[in-house]
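Colleague: Residue numbers (my numbering), protein chains in the order written: chain D, 1 to 80; chain V, 81 to 512; chain A, 513 to 944; chain S, 945 to 1315; chain R, 1316 to 1686.
What the hints contain is simulated information worked out from the structure, not anything from laboratory work. We put the beta carbon where it would ideally sit given N, CA and C, even for glycine. Heads up, a few of these hints could be off.
Derived lysine-lysine pairs resembling DSS-like cross-links, with alpha carbons at most 27 Å apart [as the list claims (entries may be wrong)]:
1. Lys-813/A to Lys-1344/R
2. Lys-1426/R to Lys-1414/R
3. Lys-1344/R to Lys-1412/R
4. Lys-498/V to Lys-1170/S
5. Lys-377/V to Lys-1638/R
Simulated coverage check for chain S against chain A, where a stretch passes if three residues somewhere in it have a Cβ under 8 Å from a Cβ of chain A [claimed, not checked]:
6. 1009-1019
7. 1023-1033
8. 1278-1290
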Amino acid sequence: MALPDNAKEMVLDYIEKKSKTKSKFYLKDFYTIFPDEGPRTVKNFINKLVGEGILEYWSSGSSTMIGLKGAGKQAGAEGE
Amino acid sequence: MAKHETPLLDQLESGPWPSFVSDMKLEAEVRAKNEAGIEFQIPVDVVDDLMGVLELSYVHGRTHWKHGGIVGVFGYGGGVIGRYCDQPEMFPGVAHFHTVRVAQPAGKYYKADYLRQLMDIWQMRGSGMTNMHGSTGDIIFLGTRTEQLEEIFYELTHNLNTDLGGSGSNLRTPADCIGSSRCEFSCYDTNALCHFLTNLYQDELHRPAFPYKFKFKFDGCPNGCVASIARSDMSFIGTWKDDIRIDQEAVQAYIGGEIAPNGGAFKGRDWGAFDIQKEVIDLCPTECMWMEGKELKIDNKECNRCMHCINAMPRALRVGQDTGLSILVGAKAPILDGQQMGSLLAPFVEVNPEDDYAAVTEVIESIWDWWMEEGKNRERLGELIRRAGFQKMLEVTGIKADARHVSEPRCNPYIFWKEDEVPGGWERDVKE
Amino acid sequence: MAKHETPLLDQLESGPWPSFVSDMKLEAEVRAKNEAGIEFQIPVDVVDDLMGVLELSYVHGRTHWKHGGIVGVFGYGGGVIGRYCDQPEMFPGVAHFHTVRVAQPAGKYYKADYLRQLMDIWQMRGSGMTNMHGSTGDIIFLGTRTEQLEEIFYELTHNLNTDLGGSGSNLRTPADCIGSSRCEFSCYDTNALCHFLTNLYQDELHRPAFPYKFKFKFDGCPNGCVASIARSDMSFIGTWKDDIRIDQEAVQAYIGGEIAPNGGAFKGRDWGAFDIQKEVIDLCPTECMWMEGKELKIDNKECNRCMHCINAMPRALRVGQDTGLSILVGAKAPILDGQQMGSLLAPFVEVNPEDDYAAVTEVIESIWDWWMEEGKNRERLGELIRRAGFQKMLEVTGIKADARHVSEPRCNPYIFWKEDEVPGGWERDVKE
Amino acid sequence: VPMENRITDIGPRHFEEFYPPVIKANKGKWLYHEIIEPGVLVHVAESGDEVYTVRCGGARLMSGTLIREICDIADKHCDGYLRFTTRNNIEFMVDSKDKVEALKADLKDRKFAGGSFKFPIGGTGAGISNIVHTQGWIHCHTPATDGSGTVKATMDEMFTDFQDMRLPAKLRIAMACCLNMCGAVHCSDIAILGYHRKPPMIDHEYLDKQCEIPLAIASCPTAAIKPAKHELPDGTKVNSLAINNERCMYCGNCYTMCPSLPISDTEGDGIVLMVGGKISNRINPPKFSKVVVAFIENEMPRWPTMTQTIRRMVEAYASDARKYERVGDWAERIGWERFFEKCELEFTHHLIDDFRDHAYYTWRQSTQFKF
Amino acid sequence: VPMENRITDIGPRHFEEFYPPVIKANKGKWLYHEIIEPGVLVHVAESGDEVYTVRCGGARLMSGTLIREICDIADKHCDGYLRFTTRNNIEFMVDSKDKVEALKADLKDRKFAGGSFKFPIGGTGAGISNIVHTQGWIHCHTPATDGSGTVKATMDEMFTDFQDMRLPAKLRIAMACCLNMCGAVHCSDIAILGYHRKPPMIDHEYLDKQCEIPLAIASCPTAAIKPAKHELPDGTKVNSLAINNERCMYCGNCYTMCPSLPISDTEGDGIVLMVGGKISNRINPPKFSKVVVAFIENEMPRWPTMTQTIRRMVEAYASDARKYERVGDWAERIGWERFFEKCELEFTHHLIDDFRDHAYYTWRQSTQFKF
Ligand code: SRM
Ligand code: SRM
Ligand code: SRM
Ligand code: SRM
Ligand code: SF4
Ligand code: SF4
Ligand code: SF4
Ligand code: SF4
Ligand code: SF4
Ligand code: SF4
Ligand code: SF4
Ligand code: SF4
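So that you can see chain D by itself, here it is in the shape it has in the complex (with noise of 0.2 Å):
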């Protein structure tokens, strides 16, 4: 199966229903998103997500975790 062509906007949604609690998400926390999916297929889309530039990564070293660029309370503390 693909993913339908509104994937991103989905995603997208997702992030910003959940905004107001928290701005870091699983890998997992996809799936729900397209549950007719494999995981690897949707991990292959967000991790294109994260490669354009539109998500970006946050680890707390032994995990690794989805968010909206430069989303969160700490991002700004990060880097200079």
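Chains V, A, S and R with the ligands: place on chain D using the hints.
Modeller: Same frame as chain D, but now just chains V, A, S and R with the ligands:
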């Protein structure tokens, strides 16, 4: 003159063991002098400040680092660990102090020119301090600032043909024992398999694909010199199916005291003459060895390949020739459900570079598919197996249940049956 | 003529082992004839109907009994198990078919007249069928009707000086091995202690005091002939502190083949000549035995009193003389958290009838106090210990933690600390 | 109810009333014992006194009439004294060797009409003693098999080993008819266990009439039961229950509280075999039994598959184990993979532990295994 | 960001580039090895070729300057080749015996200004090799002790055993600075573990500004954290968190997600010692380490109580264990009650397992114990 007084750390300069404090002072001094004329991209006194903050920890008995969520280079989900000092005013040189994990070569073999090139990058763009190596196996560049990360990555990939290692919810940098490159016990080429899989799974290594971290380690034999059984979600341990090769003359040489037992590992004490009965035959866990006159005999069918006899008499005994590896799964540190060692999943898997190790990758990928689907966030494979049951894993990998999977069968009778396993099913007419 | 055809059961009459079917037929016949002229208080054909319903179960592969709620004698919380047949029309004789648990004497010694008196009651007022004995230890009277229960109780207590046993959330009928009454290995008088505690705790035995059932069993030595370690919430196992007594002459007699090893227990096969080295010394789990010339030596400090050498050479070796018992707690069947064996709580407790076994009752009562307070409904002691932690039990019993409490120390580092154990406590000023 | 002169809390009769005189006189002063032949023991006291014990098997489901016969034997040979062992054997004791032969002869002669022995002598030493067992279909409401029948079938098969002492060590067989395991089945060399494999049925029509719904719900250890409305064929709606079949562990606890939830099922019920448990601390600590056969159908009246499987295990053990080695010790020494081979048993996924945390520790965390 | 010509996913350098010629030529054809003296190995190939390895210890916290010195040594003696072991030792390899002495002499001569060896030779056979360890206060945010410092102190104390092979078997020491145990600490003969004993503090003032409250709550493995309003001294109400101290297992996970929950505490933090683990399958399967000292204070800079406790255990082991017996095997053979005696350690209630289901299986279900 040292930038910060470090009276406590100074006490770690004495004693015979290499002093990391002396070494840091050396690096601080070299930086200060900068005889090589390096264009330092981060503060020249970064090592002084590192010593300063460490001294403060020695005074307080507490760390002075805070977590940082930086991941590293664009498009990669790991390879960098972010850190900030909680006393940035006092120690501006280490206010931002991220580490970079650099992929080490299999077997941790190096040539001097390569190591120097690495240091050329690192002494310019980072603290110059390293860990050789991190616990997982990477070369660790210890401490730099965010803006250097891409530069370092660029130089590593373009000039050194070297990539970053793993961190985050990725495949982590695989690691191996020295294997057949220098070890007579090795049942497969650990370096080759480690390198092959590392490259095959670069995407998994660099971009989050998993619920959590995942580690591979490769031991050439059951001695376990890279500790894979304790430290890897998937542990590949060499083994063999046929007979231990015996050189009866060498056996006699051991008995006669001509060869030091166990490769000379016990030379530091007088343990008395080597006693093959007491030291080998009686210690064989399966009791499958005996002397028949001057001949050492092994009932190989009963041998569980513990390596003891081979370790004890390496010139007389050699591992078999029909070799392969066992795959064990689920090892991990104690957080959250207690520590786990790897549990045997595939007793014997062929190691065949000709077909790109198809037998090995098949098991890996069926495990990953399952874990990616069923694993919860931050649930390691070992935890998933415990939650879902060993049976479930057998199902998804298509491996048949076998007494070898257990050290003992279950002692509770709580066997769950599936409806289709039980004749008549579960829906019945109560009135019948 | 049999009341019901029992073609399936009939097939259990052949074969050498005593046939319960033949026995039931015998009883049915005796009842039918009633040569003794008994005034049967329940249907004369009760045993026929019992065979009939059992035959039906053999046909259906299913039980035909239903649970029977609360039946029993006035003021007692147990001693009777209620049962109703789910085919009362077909088998009216067993439509109501409750069992009565009768307290057995310690060591299960009997005199014929007493047993006959029991049967006088039971053949008149019940089915005449029994279990000699139930798994817990009681004499089981199998099957009577509710209205007979008080009568039976009256006659038992008034005429036979005998009480009911336990059931329900009570102390259950304690049971013991034969002990020092006929066994040379016994480290204390099991019959006496069992009888004493049974009487001391009659109230707990008859009136629900606990969250659930509670069992005592008494083994005279670590051989465990009443299986206390597997079947009792509190298991009392004899042991000793001083040296194993050795008769060196008898040792030689074993070596010389004059005495059959292990009390003759292996006579059924030719195992070859007795080899003290192989059969005793090498099997000693602590490796604390050796021959010094013709003398057998034991390093008693290292002995863990496993009984093997004593069992193997009972005429040469005897248990020590400074005897007492170990208390283990928490054994139970698998429902709900999996089966448990007893865990060692008190390594050595004095057994002193002079002071009414004060050292023993002290442990019992502190355990009960805790369990009555903290135990949930239907939570066995073993489950409470697992839920609350072994440490908590040590606290309430005032027993000091000891390496003997564990087979190994914890392998996880999840040590919980109490606030008062850690200097500075938990409330601190984050700004400091 | 005759409440007058009510006597309570008097406990059992005092054991001393029942001690044979030679026991009373030498209690605590026994020196040693010997098994003279299978089923016949002598214990010798410091005083030189001896007590000879003849042990014989018994179906513990025992009639009053048979008990009277036991009493007669005791009167005839033993001054009326006797005892039962912890495994439901009967012990007749005499105080001199002279009396043994007559006693033995008497016991051997007594047979049931059907031909079986009433009092087979044996059960000592390195053999198979009586099977401790539970109610089964004779009295309990949750059994998944019969007790007395499976035991009779097994003891017939094992009878020579009851009367012999050829095994490497004691071999204890125990039987329990359901998961409640009323006995030490969980620590037996060989255990026969009745096991249900289906969740209870629900008799919606009667449930609300017969049962207190909250009690039924609370009785389930796995919280598999929930309240639910049910529509009967005639359209009436009744209060009833729903069972989450995936969570049910077939324990029958709910049936105890609610007769409208019968658990027994002809095809679902049957036998689990466990092996390798022990109680004694001899040489090594007690051990739990392990499940080695996940299911055998109930084959009434003689359970041939079950008895033959047990026979295979006993023979493999008898021929392969070392002297003093219990079944579990043997299996551990040769490795469980070999145990299954030697006993010709199939290893199935059901035998891998998946119950709670501890399951992990039973998997193989080692490269040590045999091909 | 230099995105042009971006190169990704190329992995590490190919190992063959770094194989010394003798290794490349004889790979897979090694016949046997021998430890000639502590730290010096020879491997002999089917071809008759030999490779001599000189192993030396290193603090794995290592400067670029020292690495350059290592390169110089490699150039001088080994055609530029070298490797690191899995325990962070450095191995210099030469292809003939002639070259060994010069290499050794060179290594021995090199010392730091402070007097310690730069390249002590040793770490082979039945001795103590380098300690694998973790970051500690040099880089991590959750350590309960330092890594490099505790290791330096311990290796100074154990130095003769690094250069000797007098022990009954290999003795592996590992160090991890917190419960996350970045290493095989859980399977080491002796493990030094940094341990927190206090729940995190809460910096209510900054918490809501710095942290995403739901992420902090979700990070806690024991569900000890709940949202809570807090009133600051100045009366303003802020969103914050509350921690159920009884449930906290001091893991620091919450601090990773939220810097306003610092876990470190001067008095709370310190050292746990574990022993008896192993990795190899030799003779018996791998084993977990067991906690034998529940807590030792951080005593900077040299942790004398800790190093002396380790010394006591090593000496008790050295004098009491049998050849080939690892620490854990020894403790199991003599019994843990004796282990504590012989090592002069106190057994405290903290050492009894109370973590989950498996705890039960570590209690003593036997009457077998030693007085
Ligand atoms: C750098 C390193 C320690 C070292 O000093 O060598 C390390 C450092 C950290 N580890 Fe680790 N782990 C390192 C190897 C390990 C190992 C050993 C191994 O891989 O063989 C383990 C045990 C094996 C395992 O994976 O279970 C390990 C088990 C953990 C855990 C516990 C995971 C678990 O599931 O139990 C955590 C905590 C977590 O994931 O939240 C953790 C988390 C961390 C973090 C990222 C702390 C955090 O949560 O932010 C540490 C960053 C330290 C820093 O400041 O740089 N680290 N970590 C090792 C990686 C270097 C390298 O890449 O070579
Ligand atoms: C009569 C009885 C005690 C009682 O109070 O009734 C008893 C009596 C003796 N036992 Fe027992 N044991 C009795 C049940 C047990 C049990 C319990 C059980 O089977 O349910 C055990 C634990 C079995 C287990 O570990 O699973 C038991 C484990 C032993 C042992 C340890 C055997 C072993 O190899 O582990 C010995 C020592 C020996 O046999 O050398 C022993 C030894 C003895 C001696 C020799 C003790 C003595 O000196 O008198 C007695 C005769 C042994 C014989 O029959 O071969 N007795 N013995 C029980 C007879 C049961 C029966 O009718 O068969
Ligand atoms: C009669 C007897 C079996 C026998 O055939 O001998 C028996 C019969 C029953 N047991 Fe039992 N248990 C009997 C000894 C045991 C033993 C063995 C022992 O006491 O040494 C155990 C294992 C040890 C233990 O206590 O854990 C035992 C563990 C159970 C259990 C599981 C309890 C647990 O906590 O795991 C149950 C279920 C329950 O309590 O709900 C149970 C429940 C029952 C009930 C009451 C069934 C019920 O839930 O209503 C059975 C009544 C059967 C009937 O129709 O009469 N019975 N039960 C035994 C008592 C006779 C006597 O008093 O001498
Ligand atoms: C170089 C190294 C592999 C590598 O890829 O780097 C290695 C190399 C050898 N190991 Fe190892 N082992 C190495 C780490 C290990 C580890 C892992 C660890 O310690 O973290 C283990 C598991 C330890 C454990 O069980 O806890 C390990 C357990 C063994 C054993 C099993 C020893 C035992 O008594 O259980 C042997 C066999 C022997 O020593 O006879 C062995 C044998 C060997 C041999 C003899 C193999 C050979 O023929 O070349 C090598 C030299 C032994 C020596 O140093 O005495 N190697 N060896 C590692 C050196 C580490 C170091 O610098 O000290
Ligand atoms: S694990 Fe085996 S093959 Fe690998 S280095 Fe160790 S001994 Fe050699
Ligand atoms: S490898 Fe181990 S099990 Fe096999 S023969 Fe050698 S010592 Fe025995
Ligand atoms: S447990 Fe010990 S004392 Fe009791 S009968 Fe058995 S062997 Fe004798
Ligand atoms: S009782 Fe057991 S441990 Fe003690 S000496 Fe005898 S055989 Fe050894
Ligand atoms: S084992 Fe089960 S079925 Fe059998 S008597 Fe006990 S409770 Fe009843
Ligand atoms: S059988 Fe047991 S587990 Fe199943 S529903 Fe009934 S009470 Fe619950
Ligand atoms: S063990 Fe803990 S403190 Fe040490 S590096 Fe790993 S995560 Fe950090
Ligand atoms: S330290 Fe760990 S257990 Fe304690 S509150 Fe934080 S996350 Fe939870």
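Colleague: Each hint should be assessed against the structure and marked as holding or not.
Modeller: Hints and how they fare:
no.: 1; hint: Lys-813/A to Lys-1344/R; result: violated (52 Å)
no.: 2; hint: Lys-1426/R to Lys-1414/R; result: holds (21 Å)
no.: 3; hint: Lys-1344/R to Lys-1412/R; result: holds (19 Å)
no.: 4; hint: Lys-498/V to Lys-1170/S; result: holds (21 Å)
no.: 5; hint: Lys-377/V to Lys-1638/R; result: holds (23 Å)
no.: 6; hint: 1009-1019; result: holds (count 9)
no.: 7; hint: 1023-1033; result: holds (count 8)
no.: 8; hint: 1278-1290; result: violated (count 0)
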